[in-house]
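Asker: Sequence:
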Amino acid sequence: MIETLTLLILLIPFVVFLFHSLLLLTVGPDKKEVAGYINSLFIGLCFFLSIIVIFNVDNFSSTISFTWISISNTDLNFSLMVDPLTAIMLVVVSGISFLVQIYSIGYMHGDKSFSKYFAYMALFTGSMLGLVISRNILQLFIFWELVGVSSYLLIGFWHERSSAAAAAKKAFIMTRLGDFGFLFSIIYLFNLDSTLLEIPKLYEAILNEEITSRVATILAAGFLIGGIGKSAQFPLHNWLPDAMEGPTSVSALIHSATMVTAGVFLIARLFPLFQISELMPLIAIIGSLTAFISATMALATTDIKRVLAYSTISQLGYMFMALGLGAYTAAIFHLFTHAFFKAGLFLSSGSVHHAAGTFNMKYMGGLKDNMKFTYYSMLICSLSLAGLFPLSGFWSKDEIILSAYSYGGFLGNICLIVGLLVAFLTAFYMFRAVTLTFMGDFRGGGDKESEDLKNNNQPVPPTVEHVHLGESPKNMVYPIVVLSFFAIFIGYLVNPVFSNIIFIDKHLFGVFLEKSLEIFHFHAHHAFNFSIALVSSFVGILGILFGINTYKNKIEITKNKFFLSVNNFLDKKYFMDHLYEKIIVENIFYEIICWGSEWIDKNIFDGININLSKLTSRLSLRSLGLQDGQIHTYGLAMIMFASVAIFIMVIIG
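Positions in the sequence shown are counted from 1; adding 148 to them yields our numbering.
Treat the hints with care, since some could be wrong.
[To be verified] Straight-line C-alpha distance at most 16 Å; calculated EDC-like pairs for lysine to aspartate or glutamate:
id, residue 1, residue 2
1, K510, D600
2, K663, E357
3, K596, E613
4, K317, E352
5, K516, E619
6, K260, E181
7, K510, D719
8, K317, D589
9, K602, D589
10, K516, E613
11, K349, E666
12, K510, D595
13, K264, E181
14, K602, E619
[Unchecked claim] Quick list of simulated restraints, FRET-style, between CB atoms:
id, residue 1, residue 2, range
15, G618, L166, 34 to 42 Å
16, E181, F537, 25 to 33 Å
17, G258, K602, 23 to 31 Å
18, G618, L159, 35 to 43 Å
19, I565, V297, 34 to 42 Å
20, F226, N204, 40 to 48 Å
21, L159, Y336, 53 to 61 Å
22, F196, K602, 22 to 30 Å
23, V297, P348, 22 to 30 Å
24, P621, K720, 35 to 43 Å
25, F795, I321, 38 to 46 Å
26, S169, N603, 44 to 52 Å
Honestly, the hints are just simulated from the structure, not real lab data.
None of these values were measured; they are calculated from a predicted model.
In this text, a Cβ means the ideal position worked out from N, Cα and C, and glycines have one as well.
Start from the sequences and build out the full structure, keeping to the hints where you can.
Answerer: Spelled out as C-alpha cells, the structure:
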C-alpha cells in the first residue's frame, strides 16, 4: 500500500501542473477561481495520503524502483524511498502547501495570471515532494533543480516589475553557485562507485567503513556548498530577503516548507556521511554566524516581510548549528515546528498588506482593532518564534540550545552563547514588528506612503496600494488561524518531554525520526533540562519586553549617532550586496574577466584567424605560378603526386 501512496503523492501535483498548463495553452490566461480550488483539492489529497504514510512507514522502506539510465555496465535507477525523515517532510510540505493554496484563492483574487500562478505552485510543491522521497542522489538533484526553477518562476511571477525580475535572477544565480558544489560531489561519487548514488548503498558503505574520512570530507564539502546556497546560509544568504518580491503566499511556502528547507534536508539525509567527515564543526560555525548576522539585520529593516525573511535565515542557521553539533533530531524538530509558525507569520503579513496597503511598518499601527483574527494569529506565531513557553517554538529551540550546552568545549560554548543571544534578538525584532504593526494609532498605510513618496519625487512601488481597513476574506483568515493553532500545540504534542500523553509516547518525534538512522545505532535526543529552559525563556521574555517598550514608547535610538551608524550598517546588510554586486561582479567580473576575455579574443583567436587567412592568401598567390598552361608541367605534377601516394601506401601496407 505504501508504495502506491508514495507514487500518488509524487504524481498528483505534476498532473495538476500539466492540467493547468494545457488549459493555459488552449484557453489562455484567465482569472477563474477554479484553478485555486483544483490545487486545494488535490494538494489536500496529497496531505491526506501523507498522513496515512506517516502512520504506516517502516524504518527504511524502499518503494517503486526501475532502471532509468543505462550506460555500459552502469545502471541508474529511478526509485522512491520512504523512511521516518521522508514521512515527516511529506506531511510538512503537503500540509503547509495545502493551507497556502486555500489562502492564495483570496490573496491572488483578480490577478490577471491567476491560473498560471496555481500551475507554478503545483510544480513547486511536486518538485519538493519529489526531492524528499528520492532514493537516488542524482534523482534528488534533478528535483532539487526543479525546486530552483519553480522558485525562480514564482519569485519573478510579477516579472513586469523590474525589482521582481532582478530578485528572481539573483535567487537563481546565487543558488546555482551552491549547486556547482552539489554537482561536483555527484560526479566524484559516481567516479568512486556509481552504485553509491543509491542512498541505502551509501549508508551501507559508510557502515562497512568503505569510505575514508578524507573521501567523506571531499564529498560532504560539495553537498554542504549546495545546502548553503539553497538554505541561504552565509555567505550565500543575500538572495532570500530580495525574494520577497514574489507574492506573499509564495514567500510563505518558500520560507516554511520548500526551497530553503531543502539544504537542511540534504545534510540530514546524508548525515552519516557528514558525521565521518571533518566538516561538522564548520557546519556549526556557519550556522551560528548566519543566525547572528541575519538576526541583527532584522533589527534595522522596516519592511515586515523582510523582517520575516531575516528571521528565516536566522532559524535556518539554528538548524545548521544543530546539525553541526550532531543534534540531528533537534534540527529536524525545529524545521518541523518552524514550518507552521513561519507560514502563519507570512500569511499574516499578507493579510496586513491586504488591509494597510503597504509592507512598510512605519505606515501601519493601530491595526489590532480592525483585524482581530490576524492580530491574534500573528501574536501567537511571533511568541512561538520567540520561543516562549509552552508554545511549539520553545520546545524545538530549547532542544538546539540544550544540544549546544551538552556538546561542551569551546565550540559548544560559543554555539550556546550565540544561540541565547539570537533568541533575545529574535524576540526583540519580532515584537518590534508586532508593536509597529498593531499597536498605537494608524499612521496612514499605503495612502500616506504614496503621498510621501510623490512629495519627495520618488516612484511609488506596486506594493503600495489603497487602504482597506478590516479583516481579510475568510479563505485568507482560516489558514492563518489553523497555523496559529499548530504554533501553540504541535511542538509538545508530537514530542512530549515529561510523560506520555494519552496515545502519544514520550519523545515520540525523536524516537520516530531516529529510526531513519537505526542501522547506525543513532540516538541524540536529550532529557529535558529545566535550567537551560529557564535561561532560554528568560532571554526570550527579556527580548519581548525590550521590543515592546522601545517601540511602544517611541524611544528614538537612531537619534544617537552611534546607533544611527549601526542601523545604517545593518540596513545595508553588512555591505554584502555591495561586495557581490559592485566589487565582485562589476569590478572583478566585468573589468578583469571580461577585459581578459576580450584580449584573448582579439589577440589570440582573431590573430589566428587573420594570420591563417594571410597564409592562405600567400599560398594561393604562389600556386598561381604552377598553372602556366603547359601540359608537361601538369604531367610532371601528376607523376610526383602519384609517386608520393605509392610511397605512402608501400610504407603503410
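Asker: Each hint: holds or not?
Answerer: Each hint, compared with the structure:
1. A distance of roughly 12 Å separates the Cα atoms of K510 and D600; the hinted pair therefore holds under the 16 Å criterion.
2. Proximity of K663 to E357 is assessed by CA-CA distance (about 21 Å); at most 16 Å being required, the pair is judged violated.
3. Between K596 and E613 the CA atoms are separated by roughly 10 Å; this keeps the pair inside 16 Å, and the hint holds.
4. The suggested pairing of K317 with E352 is violated, with an alpha-carbon distance near 40 Å, which exceeds 16 Å.
5. A distance of roughly 10 Å separates the Cα atoms of K516 and E619; the hinted pair therefore holds under the 16 Å criterion.
6. Of the pairs offered as hints, the one joining K260 and E181 holds, with about 11 Å between alpha carbons and a cut-off of 16 Å not exceeded.
7. As the CA atoms of K510 and D719 are separated by approximately 15 Å, the hinted pair is consistent with the 16 Å bound.
8. Taken as a hint, the K317 and D589 pair is broken in the structure, with Cα atoms around 39 Å apart against an allowance of 16 Å.
9. Taking the CA atoms of K602 and D589, the gap is about 23 Å. The hint is violated against a cut of 16 Å.
10. Between K516 and E613 the CA atoms are separated by roughly 20 Å; this puts the pair beyond 16 Å, and the hint is violated.
11. At roughly 15 Å between alpha-carbon atoms, K349 and E666 fall within 16 Å of each other, so this suggested pair holds.
12. Annotation: proposed proximity of K510 to D595 holds, straight-line Cα distance about 12 Å (limit 16 Å).
13. With a C-alpha separation of about 12 Å, the suggested pairing of K264 with E181 holds against the 16 Å cut-off.
14. At roughly 28 Å between alpha-carbon atoms, K602 and E619 are farther apart than 16 Å, so this suggested pair is violated.
15. The hinted range of 34 to 42 Å is satisfied by G618 and L166, whose Cβ atoms lie roughly 39 Å apart.
16. The hint said 25 to 33 Å for the Cβ distance between E181 and F537, and at roughly 42 Å that hint is violated.
17. In this structure the hint that G258 and K602 lie 23 to 31 Å apart at CB holds, the actual value being about 25 Å.
18. At roughly 41 Å, the beta-carbon separation of G618 and L159 lies within the given 35 to 43 Å, and the hint holds.
19. In this structure the supplied range 34 to 42 Å holds for I565 paired with V297, their Cβ-Cβ distance being about 40 Å.
20. For F226 paired with N204, a C-beta distance near 23 Å fails the hint of 40 to 48 Å.
21. Distance hint check for L159 and Y336: the Cβ-Cβ separation is about 32 Å, which falls outside the suggested range of 53 to 61 Å.
22. Taking 22 to 30 Å as the suggested C-beta distance range, the pair F196 and K602 does not conform, at roughly 50 Å.
23. Take V297 and P348: their Cβ atoms lie about 28 Å apart, and the range 22 to 30 Å holds.
24. Between P621 and K720 the Cβ separation comes to about 38 Å, which falls inside the hinted range of 35 to 43 Å.
25. In this structure the hint that F795 and I321 lie 38 to 46 Å apart at CB is violated, the actual value being about 60 Å.
26. At roughly 45 Å, the beta-carbon separation of S169 and N603 lies within the given 44 to 52 Å, and the hint holds.
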